Amino acid sequence: METKKSMSVSTRASDPSAGALTESSAGLLRELVAHLRQNRTQLREEWARRITRAELLTAMTEEEIFAEATAVYDNYVEALETGTFEALQAYSRRLSERIIPRGVETDEVVGIVLLLRDVLARSLFNKYQDNVEKLNRILDSYEPAANRIANTVAVGFVEERERIIRQQQEAIRELSTPVLQVRERLLILPIIGVIDPQRARQLTEQLLRAIRANRAKVVVIDVTGVAAMDSGVANHLVQTVEASRLLGATVIVTGLSPEIAQTLVTIGVDLSEMATVGDLQGGIEEAERLLADRAAIPGPQAGREPGTELNR
Amino acid sequence: MEVPILRQGQYLIASIQSALTDADLSHLREALIAQVGRSRCRGVIVDVTALDVMDSFAVRTLRDIAHMARLRGAETVIVGIQPDVAFAMVQLGLTLKGVATVLDLEEGLAFLDGRTKERTLDAKPKKPSGRG
Numbered sequence: 228m229e230t231k232k233s234m235s236v237s238t239r240a241s242d243p244s245a246g247a248l249t250e251s252s253a254g255l256l257r258e259l260v261a262h263l264r265q266n267r268t269q270l271r272e273e274w275a276r277r278i279t280r281a282e283l284l285t286a287m288t289e290e291e292i293f294a295e296a297t298a299v300y301d302n303y304v305e306a307l308e309t310g311t312f313e314a315l316q317a318y319s320r321r322l323s324e325r326i327i328p329r330g331v332e333t334d335e336v337v338g339i340v341l342l343l344r345d346v347l348a349r350s351l352f353n354k355y356q357d358n359v360e361k362l363n364r365i366l367d368s369y370e371p372a373a374n375r376i377a378n379t380v381a382v383g384f385v386e387e388r389e390r391i392i393r394q395q396q397e398a399i400r401e402l403s404t405p406v407l408q409v410r411e412r413l414l415i416l417p418i419i420g421v422i423d424p425q426r427a428r429q430l431t432e433q434l435l436r437a438i439r440a441n442r443a444k445v446v447v448i449d450v451t452g453v454a455a456m457d458s459g460v461a462n463h464l465v466q467t468v469e470a471s472r473l474l475g476a477t478v479i480v481t482g483l484s485p486e487i488a489q490t491l492v493t494i495g496v497d498l499s500e501m502a503t504v505g506d507l508q509g510g511i512e513e514a515e516r517l518l519a520d521r522a523a524i525p526g527p528q529a530g531r532e533p534g535t536e537l538n539r
Numbered sequence: 126m127e128v129p130i131l132r133q134g135q136y137l138i139a140s141i142q143s144a145l146t147d148a149d150l151s152h153l154r155e156a157l158i159a160q161v162g163r164s165r166c167r168g169v170i171v172d173v174t175a176l177d178v179m180d181s182f183a184v185r186t187l188r189d190i191a192h193m194a195r196l197r198g199a200e201t202v203i204v205g206i207q208p209d210v211a212f213a214m215v216q217l218g219l220t221l222k223g224v225a226t227v228l229d230l231e232e233g234l235a236f237l238d239g240r241t242k243e244r245t246l247d248a249k250p251k252k253p254s255g256r257g
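Those protein sequence lines, which keep their order, are chains A and B. With the numbering used here as the guide, the letters of the first sequence map in order to residues 228 to 539. With the numbering used here as the guide, the letters of the second sequence map in order to residues 126 to 257.
Excised from the complex, chain B in its bound form:
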């Protein structure tokens, strides 16, 4: 089953609605990465609220999406991991290191807004306030 990818301002939102096969996941990855370039977006949100199982392939695909999207100039954030899923993931050692995760879609949008703003700030010479 195909995952709809919606465009919302500068961001792409992929909302996974049901359990996906490995092929579906790979397809999602390719579609997202292609769209990131095509639509020149700055952020990607993958919503996994509906998933109650997350296997190693799914986790690896999500991580790949985040890394690939970064190479293409977009930040990725995973939203909506269920508490039980989160705990099962860490027990399996699937911790999504280096990938941003937040509670839900709203948080995800706020997070990306912050990241984008910061990047525009980064472009200007910024004073090192409260860092390091």
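Here chain A stands alone, though its shape is the one from the complex:
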């Protein structure tokens, strides 16, 4: 017991100095690595068996699991030996790239790494069961490294996932919302998908610029493809309508689904300032009527309060 305590203290004391291990601890680690190398075949087979039995990585075949297990095992031992994790990090990133598209979950990855840790620890128990004190010391040097390896692999996996999520978010954002000119002075803005505040803002900016560039008089915003709308988005829509009016364009909103209509009325968003028409076709007809009105004798309401003229 006494030896163990002094041992762990000395390990900790030397830790900050660039991870250099004390002589005896380094020796133990060497012995450990030699042991893992020697029993490579048996241990990784045992590991692959445990993975299959725990029903992890079900998306992969047994051969694939064994191949990956071998690679992870070798990287694992190497990381233990050298104390550097770059190679393992790179490997776990590549592994994640391969297995994420196949639907492997985070808990599976964490599970297999912890299983490897268990398998190796158990083999150490077996080897040193007669010498408890040595087993303790071996575990002392094994555990921190093993934990760090488990961390590295799990973090690598999660980072890869997050990278993919970020990438997809960007792709969605870049699916720009087109502002289309249907005919002289008439623009259509079909909105599809989820509107978050950032996208709503981008949308408005695009629309206002397009109104100016195309000298649009009427804009039809079609929200048929929007599944849900909260008060924030609805208010933003109202603001967009008002801003468009300041640029001299009338906005007609079309395609509000029954669910959205219900939500908006329930949460009490004031849309009385907004001209709404059932569907896109009706919206375009209404818009053409407005444009025709203006081209001939401007009606009494034409332009006076363009934002409100339809809503009665």
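Hints in this document: simulated from the structure, not taken from any laboratory. All figures in this text were calculated on a predicted structure; none of them were measured in a lab. Quick reminder that beta carbons are idealized off the backbone N, C-alpha and C, glycines included.
Using C-beta positions, here's what the derived DEER-type ranges look like: (1) A:Arg410 to B:Gly218: 25 to 35 Å; (2) A:Asp506 to B:Gly218: 30 to 40 Å; (3) A:Gln433 to B:His152: 34 to 44 Å; (4) B:Phe182 to A:Glu332: 57 to 67 Å; (5) B:Lys242 to A:Pro485: 35 to 45 Å; (6) B:Gln142 to A:Gln408: 30 to 40 Å; (7) B:Gln142 to A:Asp506: 37 to 47 Å; (8) A:Ile391 to B:Phe182: 43 to 53 Å; (9) A:Pro485 to B:Phe182: 37 to 47 Å; (10) A:Ser499 to B:Ser151: 31 to 41 Å; (11) A:Gly330 to B:Gly223: 52 to 62 Å; (12) A:Ile391 to B:Gln142: 49 to 59 Å.
Following the hints, put chain B in place on chain A, whose structure we already have.
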């Protein structure tokens, strides 16, 4: 700095060329309203194309100009609000309700032409076609 007020046919055109102080704005309001009566004009166009900021005082002054000019017999239209300015305005709740706004000077002239024509039509007994 003073805003030049030009006369163009029946209309007055005030073209704001640079950022104005509150005093300048008040002065513009008074000058415009005085001129509306003096020159018996039917419309006022305020061009704000050059403004890239519009604060609440400016918006209120523009609204006052529109309402006062209406009392004096002239329609007012604000032209040339920049997209960014427009969005900033609605976010601040400054929506210029009840005041006509159009894209640019050309549109403004067309708008006033329409309004004036309609008023002359209004004077005659008109049939209610496609209204209401």
